[in-house]
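Colleague: Residue numbers (the working numbering), protein chains in the order written: chain A, 1 to 402; chain B, 403 to 756.
Calculated from the structure, these hints are not laboratory results. There may be inaccurate statements among the hints.
Stated by the list, open to error - Mimicking DSSO-like on lysine-lysine, the simulated pairs with C-alpha atoms at most 27 Å apart in a straight line are:
hint: 1; chain 1: A; residue 1: 332; chain 2: B; residue 2: 536
hint: 2; chain 1: A; residue 1: 315; chain 2: B; residue 2: 542
hint: 3; chain 1: B; residue 1: 581; chain 2: A; residue 2: 217
hint: 4; chain 1: A; residue 1: 332; chain 2: B; residue 2: 539
hint: 5; chain 1: B; residue 1: 536; chain 2: A; residue 2: 320
hint: 6; chain 1: B; residue 1: 677; chain 2: A; residue 2: 234
hint: 7; chain 1: A; residue 1: 315; chain 2: B; residue 2: 536
hint: 8; chain 1: B; residue 1: 581; chain 2: A; residue 2: 71
hint: 9; chain 1: B; residue 1: 665; chain 2: A; residue 2: 305
hint: 10; chain 1: A; residue 1: 305; chain 2: B; residue 2: 581
hint: 11; chain 1: A; residue 1: 320; chain 2: B; residue 2: 581
hint: 12; chain 1: B; residue 1: 625; chain 2: A; residue 2: 115
hint: 13; chain 1: A; residue 1: 315; chain 2: B; residue 2: 636
hint: 14; chain 1: A; residue 1: 320; chain 2: B; residue 2: 542
hint: 15; chain 1: A; residue 1: 261; chain 2: B; residue 2: 665
hint: 16; chain 1: B; residue 1: 647; chain 2: A; residue 2: 315
hint: 17; chain 1: B; residue 1: 636; chain 2: A; residue 2: 71
hint: 18; chain 1: A; residue 1: 71; chain 2: B; residue 2: 536
hint: 19; chain 1: B; residue 1: 679; chain 2: A; residue 2: 305
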Amino acid sequence: MSHKNTDAFWNTDWMEQQRQYLEAWQAFNQFMPKSPITGKKDTNPLTEAMEYWWKSASPSMPEGSTEFLTKMMEQGRVYYILSEQFSKLLKNINELSKSSEDWQSALNDQFEELKKIFVHAQGDAKTGMGGMFGAWQMLPLDNLQRAFSSASVLPGDFLEDLKPENIQKVTDKFLSIPGVGYTRETQEQIQDGIRLWNNYQKVSMEYNHAMANVSLKALDMMRNKIIHMAEEGKEIHSLREIYDLLVDCGEEAYAEFTYTKEFSDLYGRLTNALMAVKHHGRNIVDEMLGALNMPTRRGMNTVLKRHQEMHRESKLTSRKLEQLQEDMTALKRAMNGNGKDSNRKSADTSVKTKEKAVDKQKADRKNGRRKALKKNAADKKSGKKAGKKTSARKDNMIVIKI
Amino acid sequence: MIPFQMRPDEILHEVNEFNAKLAQGINTLAEIGDIEVGVSKKTPVYQEDKMVLYRFEPHVKKTNPVPLLIVYALVNRPYMADLQDGRSIIQGLLDAGLEVYLIDWGYPDSADRYLTLDDYINGYTDRCVDVICKEHKLKKINILGICQGGTFSLCYTALHQDKVKNLITTVTPVDFHTKDDLLSKMVRNVDVDLLVDTMGNIPGELLNMTYLSLKPFRLVGQKYMDLVNLLDDKEQARNFMRMEKWIFDSPDQVGEAFREFTKQFYQNNGLVKGKVKIGDHKIDLENITVPVLNIYAASDHLVPPDSSRALKGCVSSKDYTELEFPGGHIGIYVSGKAQKLIPPTVGEWLDKRT
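For reference, chain A alone in the conformation it holds in the complex:
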């Protein structure tokens, strides 16, 4: 693959940029001050280089792969942030006296810094740490908003920008005014919508808060596990091991919360609150469409429901008809003495069995007749025989009727 390729996707300048950044960063690292815990998000040169490259390369990526590759890039960011944080930690530790208290104190400081970045990143999916905890972006809240955005006139993103703290004061006053005049119903409808919206925002903040606590707990767990590893004499040899430890702790903290009744209740309230907003919005849209004499969702539902009922009945009727036709065909064939319908195996078998029985009876009777002749009682026997023959035919007829 030529490095001169003009296609941004094949452009490997990113690697060159990474190399330059690494060199620059290493040089810069020599003069880095000792772990300032500012809480402000540091700029990671590797992340920046990757972002820059990704911006230019992603438009030329094969369609359909972009989302998938984005996930990989997000994990790349995780690695860069972790590398930065733990490089700082190791540098600080190296400068310490290596006593247990000293390195644990440095570890605590570094985790406090991580926590601040973490909390900051949770509200911002576009930051480097957003990628680190990309998992949180997939969590129910955002997931619900995106998946349900089509269910309302308001897109999912719209929900993100309206925060209750900004509109609470205004809405409280507005909602306390009773609807008046000929637009009273509309006013009440809007007020209801805002009430539902406020409720959703409150639950959503509650949910975010709970998840933030989980993420902080995950970091606490990680720090404790590292200390525990030190006590047990276990060693960490790579950044990947640190990353895996972070994943384990994240899952553990998440599971600890999500398996509780509290989570189940919160998740239910969150979904229901969002659905209430969307449902209200849908009703308003329906009313507008109805006023314009256009098809409404409600009307469509009625049609679809009726259609499904008719479809169901039609299938049942077809099935009954098919069964009747099969029975009829079998009956006709049997009446014509042609019982070779493969679909009526059981009926055929029954007919054949009966026929065999009749044949056996005939043979028995033949033997009996011979004996009877010997006994010179032919007339009487012959009379009975004729009667039985009729009966046998009747048996045969009964089978046919079946």
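Got chain A sorted already, so can you dock chain B onto it with the hints?
Modeller: Just chain B now, with coordinates in the frame of chain A:
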């Protein structure tokens, strides 16, 4: 002792190596092209609305005379059972001398919104069974249910036992209220009526995300980190992408069926309580007396083993067998271990009962 046994420059070296792999991996992914799924030859033998019944071409001349119908879940696509050469349960079943049929539910749209569980179980499934019975001149066939399809198969068998010779359930939820069932806890307090009345059909994307959120760090993060290490091997990358395609190929869920399933099974745990109603029929698992083979996965995070194992105490079958697979919900169909264990076991179990 300080556990960190690496220097900052070693970390940078590791990051640099990661960068190189990532860059190389992106090139590999771009060269992979289209991903094909479904390897075994099959023919559609019956079609109704969006549902298609497929018959797979037998691999051996002398097959088990009783065909096997695979009832798949409404969630995701059934090609997971026939993902690729060497990772296909269907291939294994065909090799084991079985005649295999499969129900593909298709991709429902808004016109299908009012399909109910009754339509799926007593309608489509029953008609598929009739078609197979007619084709093979039999009164009973074998049924194998996958996940939710297993739950459907249980309901079907409870109602139409005269048409089922043997029943096999795989990773099938039966008790929906086991303590380690996170999915159940998530939906327990959701107002399903409001959800379905608002949304109509439930978007497949929502289900995907819900499944990912059961183990978000592993499924959204770590998995892709592992991928970076696989990307220098095009075949491994292709396998990964194939699974990825399946995971995110998720049909929307028909509103009414979703409402019924979530309320009756997940929220009310009606299957073990004998309170599920399909159409006008009550489902009593005690009605099931046919031989049952219940296969579950020991590390299943979607259908916990306890949920599947609950079947034992619910059915009346005297011939009841359990098989624990050492793996997860998906691994039971696609892993190499599964190919060696599951199809031969199913084949032998059925042969003994035919």
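Colleague: Next, verify each hint and record whether it holds.
Modeller: Hints, one by one, checked against the model:
1. Restraint check: the Cα-Cα separation between residue 332(A) and residue 536(B) comes to about 20 Å, which is no more than 27 Å; the hinted pair holds.
2. Restraint check: the Cα-Cα separation between residue 315(A) and residue 542(B) comes to about 22 Å, which is no more than 27 Å; the hinted pair holds.
3. For the suggested pair residue 581(B) and residue 217(A), the alpha carbons sit about 23 Å apart, so the restraint of at most 27 Å is met.
4. Straight-line distance between C-alpha atoms of residue 332(A) and residue 539(B) comes to about 20 Å, which keeps the hinted pair within the 27 Å bound.
5. Of the pairs offered as hints, the one joining residue 536(B) and residue 320(A) holds, with about 16 Å between alpha carbons and a cut-off of 27 Å not exceeded.
6. Proximity of residue 677(B) to residue 234(A) is assessed by CA-CA distance (about 53 Å); at most 27 Å being required, the pair is judged violated.
7. Between residue 315(A) and residue 536(B) the alpha-carbon distance is near 18 Å, which keeps this suggested pair within the 27 Å criterion.
8. Under the criterion of a C-alpha separation no larger than 27 Å, the hint pairing residue 581(B) with residue 71(A) is inconsistent with the structure, at around 32 Å.
9. Restraint check for residue 665(B) and residue 305(A): satisfied, since their Cα atoms lie roughly 20 Å apart, inside the 27 Å limit.
10. A distance of roughly 37 Å separates the Cα atoms of residue 305(A) and residue 581(B); the hinted pair therefore is violated under the 27 Å criterion.
11. For the given pair, residue 320(A) sits about 46 Å from residue 581(B) by alpha-carbon distance, which is inconsistent with the 27 Å threshold.
12. Pair hint residue 625(B) plus residue 115(A) holds up; C-alpha atoms about 24 Å apart against a cutoff of 27 Å.
13. Taken as a hint, the residue 315(A) and residue 636(B) pair is broken in the structure, with Cα atoms around 49 Å apart against an allowance of 27 Å.
14. Among the hinted pairs, residue 320(A) with residue 542(B) is consistent with the structure: their alpha-carbon atoms are about 20 Å apart, no more than 27 Å.
15. Among the hinted pairs, residue 261(A) with residue 665(B) is consistent with the structure: their alpha-carbon atoms are about 18 Å apart, no more than 27 Å.
16. Restraint check for residue 647(B) and residue 315(A): not satisfied, since their Cα atoms lie roughly 35 Å apart, outside the 27 Å limit.
17. Simply put, residue 636(B) and residue 71(A) have alpha-carbon atoms about 19 Å apart, close enough for the 27 Å limit, and the pair holds.
18. A threshold of 27 Å between alpha carbons decides the hint, and for residue 71(A) with residue 536(B) the separation of about 50 Å lies outside it, so the pair is violated.
19. Distance restraint check for residue 679(B) and residue 305(A): the Cα-Cα separation of roughly 20 Å lies within the 27 Å cut-off, and the hinted pair is therefore satisfied.
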